[in-house]
Structures are given as structure tokens and as C-alpha cells.
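In the order they appear, the protein sequences are chains A and B.
In this text, residue positions in the first sequence follow my numbering: the first is 4, and each later residue adds one.
In this text, residue positions in the second sequence follow my numbering: the first is 4, and each later residue adds one.
Think of the hints as simulated: they come from the structure by calculation, not from any bench.
None of the values given here were measured: they were computed from a predicted structure.
Each hint should be verified, as a subset may be incorrect.
One copy or two, it doesn't matter: identical chains are merged, so the pair holds either way.
Here are the simulated EDC-like pairs of lysine to aspartate or glutamate, each with C-alpha atoms no more than 20 Å apart in a straight line [what the hints assert, rightly or not]:
| # | residue 1 | residue 2 |
| --- | --- | --- |
| 1 | 356 | 310 |
| 2 | 347 | 235 |
| 3 | 271 | 352 |
| 4 | 340 | 235 |
| 5 | 241 | 220 |
| 6 | 139 | 5 |
2 protein chains.
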Amino acid sequence: MEDVFRVVEKNQDVYIKWLQELCRIPSVAAQNRGMDEAAGKVKEWIKEFCQGQSKLVATEGFPVVYGEVQGEVDKTLLFYNHYDVQPEDPIDLWTHPPFSAEIHDGVLYARGVADNKGNLIARMAAVHALQEARGKLPINVKFVFEGEEEIGSVNLPAFCRNHQDLLAADACIWEFGYKNADGRQQVSLGVKGMVYIELICRGASTDLHSANAAIIENPAWRLVQALHSMRDDSGYVKIEGFYDEVEAPIESDRVLLDQLIYSEEETKEKLGIDRFVNGVSGHELKEQLIFSPTCNICGLTSGYQGEGTKTVLPNVASVKLDFRLVPNQDPHTILGKIRDHLDKNGYSDIELKEFGLEHPARTNPQDAIAQSVVMMTEKVLGQKPTVMPMSPGTGPMYEVCQQFDIPAVSVGVGHFSSNNHAPNENIVVQDFIDGIKLMAAVIDDFSQRGGDEL
Amino acid sequence: MEDVFRVVEKNQDVYIKWLQELCRIPSVAAQNRGMDEAAGKVKEWIKEFCQGQSKLVATEGFPVVYGEVQGEVDKTLLFYNHYDVQPEDPIDLWTHPPFSAEIHDGVLYARGVADNKGNLIARMAAVHALQEARGKLPINVKFVFEGEEEIGSVNLPAFCRNHQDLLAADACIWEFGYKNADGRQQVSLGVKGMVYIELICRGASTDLHSANAAIIENPAWRLVQALHSMRDDSGYVKIEGFYDEVEAPIESDRVLLDQLIYSEEETKEKLGIDRFVNGVSGHELKEQLIFSPTCNICGLTSGYQGEGTKTVLPNVASVKLDFRLVPNQDPHTILGKIRDHLDKNGYSDIELKEFGLEHPARTNPQDAIAQSVVMMTEKVLGQKPTVMPMSPGTGPMYEVCQQFDIPAVSVGVGHFSSNNHAPNENIVVQDFIDGIKLMAAVIDDFSQRGGDEL
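With the hints as extra help, turn the sequences into a complete structure.
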């Protein structure tokens, strides 16, 4: 692979410029900003830089950018990424403007650079470099870049149902991946599912003077009570039947967990916390992170939020919640159980808005693509990766891959302090360059493998 | 009094213009807007229109406007009002701009017109009309107009301690008063106290991707748990010792409560609610409104509050709370009990910010000023008022009056739908004119009374 790696090094400034250019487009799906521009640019680059064919495939929301690059043999590796990013607020906490893509001390700061534009560009750059070095790819490559990952991939299931032919592949490299605090690359073999909802509790027809609090119900208090009914202080979700379908980790999961290094002290220090939830550590911490479903408050809103005081009895209160699901929880079933829980506990008046449902998904660690990624990571980075049986994050891996029996593996150019979904999102530029090499090496290695390596 | 009433009618357009002019100044104390302008204008008007003496008395916050007008005999009636108003948000729910003071169908819409500028101007106009009709006031009148009522009257206690001489009076007319839904004027003889606080719960040093929720504590959840520990579903405050000093209503309170008409059906219809807290009605509803202390959520804030979704684990969550207190709860003691409750229940890390403490206060219904107000209300409005033993609202009546044994009575020009502290605050213009007549009649009647009328 040295021939290809030399090309990557020669072209690295160009690849960094592509990444900066894409990061400067504020493609925030939740706010419908810059989406057309980002999709159009990526579509053109597949043609221009990867010598492939590409098109925008319309959905009921933002289009999917689809691309194909022909290889020497009839074997296909699919790359799933997304061109949308999270909103950048709270903007005043950014050290560098979130859409300027500035590089300081070898670190590139931008909303979306770790999640997921760094990986998207690294994969296109790998194809570019392989072709420049060797003239042609060893196998076919497909790109599926969606525009709604950060808003729950709402239209991706329909895309996958309607375009099975476009997805047909022998394996998939999933969108994300990070280095741990100890510098080791993480490879993960699945994702959690998700139910993202908003609960809205309404009171009187207008805000009232809070002198009325003795006799008029306060929707903020009702929301607090409803939330308290859903989860206990330890994080256990009290919704009836929530854990019914949860699969306990199996023996091979425990082996992977034991090999996994989670840098507890560094994490606590970085985050300024004294302990993890319920004081867990070691194997228990890792098992909880990877195999526990969660019910998380993403946002709380009610009444007066300005400076100083206002003595008001608000007429509405709302909460945004994400539930992360593990195999074999079904998001549709869980959504029904949440509604049932509210109804049975006297909260049938609380409105439930659904913002996205995703299935969990997992890949067998013995699969060829998993072996390719693990071995090439060691080769390119000079160190064995840690393998997570499943990521604590979420993505539409079930829709894109698992339902069609396409094994999928996550690896990418982010790191432990990349601040995904938070201010000062960043990647290390050298990780981006290494990530390009890794992707090129995986395409090459996977082309030489048979099926499962048992 | 017909001579005076004729003058009020002749001058009514002028009095309305004064009111509009004052309402067009956005004197929001919480946001330090328009405060100097409002204070300066009112101070000048006491000289110009009431032929009195006036000055701004500095405090550590906004100044108190103090005024005196000499009368024929050495007896003094004090008027306590405030020139500050609540913030106007949510501004998009206003039908007319909150600081334009427009009149539509005989109703004047403006932030602060009911609370409290309508009353402030009505009292100055009453002094003006009495003087125009009769040359001189029968007794002395004093004005104490503070600028921090809507932010908890934080510097008024020090003003009262330092300027006892300015407050010396035989009785006080308190700032507010309303007509009920049945059109009857309400007279009230006390106020609840208050503790206004913000609780701030912090988590990690930065917002995190919500995939971390399985192992990193979420401050929004901790805040929900802490809030739930403070109050049960029925509204009962679970803070240890919260009710220890509460005085139960006495027999004369029960008589007043029985005479009090609370328009339950109209209120429910107007507010779009099916029931009052815990389904109470009748005597129990009135007793709860007037004699129950409360713990109210004024505002809840955490995490992502924009459109759509963001899968974030917030690093801070906060709540603004007002506790309304009844005799003999002491706000300093209650504040200590809140802190103790948090500490004893594992929330010692939750920051508590205090924004204002106020004592409850009450006046004897047999007092001369109470009798004057009740009788003159019947005379001017042609209908007996309802007398509330205490208002469910709050104000610094203890600081200004009760600690110096000055009896205080609340009556004013607002009404049941005045929307104090809410969008579309308003008063009926005719109520304002009637309110001027009532204040003139009270000054005249009180001048002829001795002490308590038993």
C-alpha cells in the first residue's frame, strides 16, 4: 500500500481543502440551512474527484447523494455517511466560529467535522488516491450520503425500501469512528436504536400571574411529575415493559468488553465530574455504556427564562427526550409503551410528538469486513484497535444494512475530545490523513478476502 | 362629592393621556429598561399636577419616588405604588404592542397598565381633581412609588428602615385591586409573602453527545428529581417544616370567605381548564387560593430548545421558583429550609440563587381605612365590594406598613381579565375613571373618621 500512502501524503493539502470547503457550508438539517449546497457539492465531487457516477435521489425530506465507482471485480463496498450536521448553538461557547473550519495547532475546528464530514471526505479521498496510484479500484465502491442523520433519518427507511438495488453490497463501512483517550482507534460493530420525542404539557389558555398557583394547575409541575414517573434516580426506565426485549450481552461480547479500554480517569478529568452514573466503573461501566438502553433529557422548556425574575404561572411546558435502544428493542413498540405509560399514569392530556425512530443493529466480529478493518487499522496506525461490540451512538444501520444482511463496521477520524454535538467540534488533521490511508487499505484488503473468516 | 366627580369627568381625557404617556415607557426593572425616564416623569408630575413636593430617594437599586401634598389637617394617607413593570415576553402573543397603550373598544392595552400604572395615575389624578374642585386636600397625602416591585422589592426594606419619617402615616392604600368576573370590586386586606429563587444544577464541563447518557449524569434529570422531592402531585410542599408557622384562618376569615364570590365557571371557561387544582371548589377553593402557601415553577431551562431535534446531554439545568407565603411564615426561615431540604436529600451541589424575600402581611377588617374603602366603593360604584382577608398576590406591605403598625388596604382599577404578568395586560378605561373618583372619595371620607370603628 506504500504507493497509495505516498499519493495520500502528496495530496494531503488538497484533501484538507476539500474538507474545509464542505465544513464551511452550514448544512443544519434541523434548521434547513445550506442543505442544497452541501448535497450538490458532494454529488459533483463524486464525479470530479472519484471519477464515479452520482445523483441526488429525492426523498420526502432532504435528498440522498448516491454515487458509484466501478472496480476491477464484482464485489462492492458501501460507504454510508451524512452531509447534515447538528445545530451549532450555544454559539457563544465556540472558541473559533463553527463554520469557518480554521486549523489551529494541527486541529481543525468546525461543526460537523467529526460528525460526519471528516469521514465523508476521507472516504472520497481514499478512492481518489487509490485511483491516482493504481488507475482503477480493485472492487466497486458505493456512496450513500444522507441529509437527515441528525434529525433521526426520518426519510431514509423509505429510501432503503424503494432503492434496494442501490444499496446492494457485500459490506458497509459505517459513518463514524473515534480514537480513545489513550490514542487507540475504536472500531465498533453496531449501533443503538432510538426513539426521539417531545412531550408537551399544556395548562390554562394563557400564562397567568403566579398568585394563581394555589388553584390553577401548573403544566411545568405536571411535566416534572410525568418525567419522574418515567425514570428513577438510578437511570432505570420505569415505563412498563421497556426492558422486555432487551438481549443480555453474550460471552463473546464480554470478551470484547474486557479487552476494551475505557479511560475512566481521563474522562472524569476532562468532563469535570467526580463519578459516573451510580458510581459504576470497570466492566460494569463499559457494559452500561454499550448495552444499557437510556432515557435522556435533551431539552427542557417552560415559562420565563430571561434574566432576573418573573412571577408567572406558565401555560405550557415541554421536554425533548431521546431513548437509546439496544437489541432487540423495537422503536415502534417502545413508542407505544411510552404513550401507554403516560395514559395509565394520568397524563393522557400530554401531547407526544415523535421525531424519529431507529432500530438497533449489530455485526458479527468474525465477519470479513470486521477482520479487514481491525487488521488494516493495526497496519496503518501501528496499534491494535479496541473493538466495541456496539456503539453507544445511533444510526440507521438497521435500515441501510442489517435488514439486507449487509455487515457494517464503524471506524473514522474523530477522537475522544471531538465534541460531537457540542461546542468546539474538532478533529486532528493527522487523524484525517491517517483515516484516508486506512480507508484505502480497507478497500484493498477487503478485495482480497472471501466470506466470513472463521 | 359630586363637585369632585364633575371635575374628574371634565378632565378625564387628560388623565387618560397621563396614563398612556406613562405606559409608553417600558420600565422593566428586571431588564433595566426605561427606569430613569419613568421615575423622573412621575416625580415631576407630583409637583406639576398635584402641587406637591417630590424627590427621588436613592437606593442600592432603582430609586423610590417620594411625594407629599399638604392637606388642611394633620392626618396622613399614604399611597404605595410602583412604576416598574414585568417583562413583556412572550411578545408574539400580544394583540396590540405592549408599550403603545392603545385603546380599543374602551379597553387600554399595555404592559403595566393594570399592574400598576393605572392605579398610580388614578391616585395622582384624584389628588389633582380634589384640589381643582376644593382648592386644598382635607388631609395630607404621601406617595411612595418604588421601582423594584416586580423584582421582589429587593431594596425597599432598607429604604423603609432608613426613611421611617417619610412613611409615617395613619393608613395606606396599597397598590392593586380588581373587579371580579361578576363585576364586583374586590377589596383586600393583606398580601402573601414570597421567596423567589433559582436552582441551578450542573453536570459535565460541557454539553455532550447524548450517547453518553448511560454513564454520565444528566443535570436536567437531577433537577427533575430534586423538584419532585420538593412537592407532591397535589401541590403539598414536602420541604421539612415548610408549614410549621402557618396560621389557620380564624372565624372572621371564614365569614369573609363565605361572603366572597369566586366565579368558578367563568374562570374555568376563560382559562380553558376543566378543574381547579385537586378538583377543589366552593369554600375550599377560596380558602386554598387565599390561605395556602405555594411552590410554583416560573421557568424551566435546559439543553436544546430550538426547532426539531438535537441529541444532547446538557451540562446545566435550572428552574425559577416562587414560594408564596402566608402568615406567619418567615421568608428567611423558609429559604433556610429549602437549602436544608436540598442538602439532606443529596442535592448539596445544586446552586441556590435568592432573588427576593417578602413577609406576608394582614390588616384588621374593622380598621377605619378598611371601612372607608368598603363604604366609598359601594357609594361610587353602586355595589358592595367583596372583601378578601388577604390577597393571593405579594407585595412589601410588611416592610412599608405592618412593621410600623400602619393599616393597609388594597383596591384598584384592574379587573378579572387584566392579564397581569401575561400578554395583553389591560384595564377598562371606565374603571380607571371610576377609580379616580373612588380614591378622591376615600381621601375625603377618611379625613372625617376617627380611629378603629368597632
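Hints numbered earlier in the text: which of these fail when held up against the supplied structure? Violated hints: none; all satisfied.
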